[in-house]
Amino acid sequence: MTTTPHRARVQPIILSGYRGAPTPGTVTIAEFTGEQRLKRGLAALGKWWGVALVAVFIPVAHFVLVPSFLLYGAAQCVQRLGTAELVTQARGVCPDCGTVQDLELAARWRAPQPVTCQQCHRGLRLVLPA
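Take the sequence shown: its letter number 93 is residue 93 in my numbering, and every next letter is one higher.
Treat the hints as calculated values from the structure; they're not laboratory data. Misleading hints may appear alongside valid ones.
What follows is a list of derived Cβ distance ranges for each label pair [to be verified]:
#: 1; residue 1: G123; residue 2: A61; range: 37 to 43 angstroms
#: 2; residue 1: V78; residue 2: R110; range: 14 to 20 angstroms
#: 3; residue 1: D102; residue 2: G46; range: 27 to 33 angstroms
#: 4; residue 1: F63; residue 2: A43; range: 38 to 44 angstroms
#: 5; residue 1: T116; residue 2: G82; range: 37 to 43 angstroms
Cβ coordinates follow ideal geometry from the N, Cα and C atoms, glycine included.
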């Protein structure tokens with residue numbers, strides 16, 4: 001079950017590297033209401049507890065799998081309840097090699113944040129403009 005975000009906003013960012021001038025980029029951030037966060041949390045809980053129910057029928061392994069899936073489902077529920085903002089897309093230009101690319105960011109939005117160029121594999125720093 002996918003919950004559509006209440007609204008999304010586009011945040012300008014700056015990427016800085018080892019050499020060259022910092023370059024611009026954008027991050028699209030989905031914002032969830034309290035009701036949407038509850039739905040997302042319960043969906044994760046139901047999914048992993050359903051997997052735990054199926055794992056009951058696996059001989060011997062169910063002693064480890066069932067408790068693990070139950071705990072993981074609870075952890076996912078708590079995490080999704082606390083996630084008010086989620087990055088859905090990040091795009092920018094590497095200041096070192098000039099490649100325009102989609103950036104892989106951590107699930108929880110924060111700035112500054114380290115990222116890696118997919119072309120030259122150099123470490124970059126994502127920051128908000130001043």
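| Range hint 38 to 44 angstroms (beta carbons of F63 and A43) holds or violated | Violated - the Cβ-Cβ distance for F63 and A43, about 27 angstroms, lies outside 38 to 44 angstroms.
| said: Verify the CB-CB distance for D102 and G46 against the hinted window 27 to 33 angstroms. | reply: 31 angstroms, holds
| query | T116 and G82, beta-carbon distance inside 37 to 43 angstroms? | reply | 26 angstroms, violated
| query | Lying within 37 to 43 angstroms: is that true of the beta-carbon distance G123 to A61? | reply | 40 angstroms, holds
| request: Could you check the hint for me, namely that V78 and R110 are 14 to 20 angstroms apart, CB to CB? | output: This hint holds: roughly 19 angstroms between Cβ atoms.
Hints 4 and 5, counting from the list given before, are not met by this structure.
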